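Engineer: Each chain is listed here by its residues.
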Amino acid sequence: MKVVIKQWNAVAAWRWDMPDDDVCGICRNPYDSTCSKCKFPGDECPLLLGECNHSFHMHCIFSWLRQESSQEKCPMCRQPFKSKAQDATGEAPEPDNDSALPT
Amino acid sequence: MSNQSILRITRELSEIQKGPDLSLAVACRDIDVRHVRALIIGPPDTPYEFGFFEFAVKFGREYPTKPPAVTAVTTNSGRTRFNPNIYAGGKVCLSILGTWRGERGEEWSSAQGLESILISIQSLMSSNPYENEPGFEDGKSEFDKKNQVDYVAKIRHETLRVSIIERLEDYLGIGREKVPGVLPYNADDDYRENLLDAPFEPFKDLCKRRFLWYYDSYLSAIEIEKEKHADGKRFDRMPFEGAGNIMEGCFQYTSLKKRLETVYQKLNEEMDAWGAEGQVATQKELSISSNLQRQYEQIVEFYKNNDSVTLDLELVDKNPFVWQLVLFGRPMTNLDGGMFRIKLYLSTKFPDTLPRIKFETPIFHHRVSKDGILCYNPTRKDDLKSHIEAIIEAVEEESPAYDPRTLVNPEAAKLFWGTPDEKKLYNRKLRRSVQESTEY
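First to last, the protein sequences are chains A and B. Taking the working numbering, the leading residue of the first sequence gets 271, the next gets one more, and so forth. Taking the working numbering, the leading residue of the second sequence gets 2, the next gets one more, and so forth.
If we strip away everything but chain A, and leave its shape as in the complex, we get (with noise of 0.2 Å):
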């Protein structure tokens, strides 16, 4: 039998690379959805990584160490919060999974 696709749809997903049911400690969300003032999950509201090995959303944790009261330590283990080499958290987005539907 001879098939011809004369269309088709790419449907991908992504997901940040991050233990499944794991949650943002500060907002409680997923981390791979957003932070509780974004909209968008991905790029717009990225997660940072901390040296600690704690990775919050971005916003999360800024607008923590925005506060005086922070100290600028990090909410888990209060150790100095410093952002980890910026590969590991400027990285886009991978596809892992895609699949095509013929119609």
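In case anyone wonders, no lab produced these hints; they're calculated from the structure. Only a predicted model underlies this, so the values are computations on that prediction, with no experimental measurement involved. Do not take every clue at face value.
Computed beta-carbon distance windows for the label pairs [unchecked claim]: (1) R285(A) / V150(B): 56 to 62 Å; (2) S117(B) / R285(A): 50 to 56 Å; (3) W278(A) / E399(B): 53 to 59 Å; (4) S309(B) / D291(A): 30 to 36 Å; (5) S117(B) / S353(A): 21 to 27 Å; (6) M288(A) / K146(B): 32 to 38 Å; (7) S353(A) / I32(B): 38 to 44 Å; (8) E107(B) / S353(A): 43 to 49 Å.
For each residue, glycine too, the CB sits at the ideal point set by N, CA and C.
Let chain A serve as the given structure and place chain B on it in line with the hints.
Structural biologist: For chain B alone, kept in the frame of chain A given last:
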């Protein structure tokens, strides 16, 4: 509402409500998530044992960047300081709340939350709260040692009097002009109760049920303390207690015992009245009545087709508000050959008011009080099948996780979790009550 913290508060509330911790409860009015009420059950083996301590938690717009404001509500109307760090005026001194100078790493952070606050408060309620006071941490002098004992003694008394007995008396209208008798269900009253100006008492049913669970513990605590503290003896004053921020009063265990018994009796009367109230509801064809009837029929149908459990369920006098469950002991277990008659009493306010479960057949079991009150915890409160399942599980479970908050029968629990010999004795006593159950 644009505010971001609402989402987090809502999530925290539902997590605590769904969680397995029997010592915490939280609630808020649907329209106002920022004002939360929290109930902490006093930890076992402390003078706060099984007391009901309520706190008001107010979340500001900057939560979780800033901590919420927490106020103690159980203060005997502002007269009693229950802990060096929980003031009569309601202030809770805690470093993570920013109300106390904290050590490094103890301050608030946005990764903290409602549950961690409540657990911190709970940890203030220790077996020796005297040492919570700065400067008294390691009192080794005779003076300090005596104070520690005296402090525990008066806290225990006030826990029983204020946090337990007076709370329940308020709920039941004892000692007031208006004494609720047998009230027929009235849809208008029910509606009015839901209005905003009605008092917000989210823990009313919870406290009543827990009171029934822990009644034997309360009573035995009073019996022991009564011997040690003569009626009328004034509480000793602690060196850190100042004007207006103090725990004052005198021991009156004899009258506490009477009041405790009265509360217990009232609760039983209330439960007994539900049957009659239910019959009125059925005559008026209220929806709660048909709801319960339908649930009953579905459960009977379910167990007809389910061989894993042998039970018999029927309505007492065809009243959907009083169920009789006959549970047959599972073969090859300690309950083998047993036959237990259990009554379920349902309120017209179900599921806001949860059923009361009573064993009519005596059983020696760590989850069943001397009077037959069963301690169980349904996963879905509005689903009676979930209640039945939880009842069966509580009775049958052979190696439950130790949770001192489920100890409703102090004698049986002590043996159950005791030495191997005591465990044997427990099994023997349970087996005997199982054998006798068929003759009852």
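Engineer: Each of the hints needs a verdict: does it hold here or not?
Structural biologist: Structure-based check of each hint:
1. R285(A) / V150(B): 56 to 62 Å: Cβ of R285(A) to Cβ of V150(B): about 59 Å, so the range 56 to 62 Å holds.
2. S117(B) / R285(A): 50 to 56 Å: violated, 28 Å
3. W278(A) / E399(B): 53 to 59 Å: holds, 58 Å
4. S309(B) / D291(A): 30 to 36 Å: Holds, at about 32 Å.
5. S117(B) / S353(A): 21 to 27 Å: holds, 25 Å
6. M288(A) / K146(B): 32 to 38 Å: violated, 53 Å
7. S353(A) / I32(B): 38 to 44 Å: holds, 40 Å
8. E107(B) / S353(A): 43 to 49 Å: violated, 25 Å
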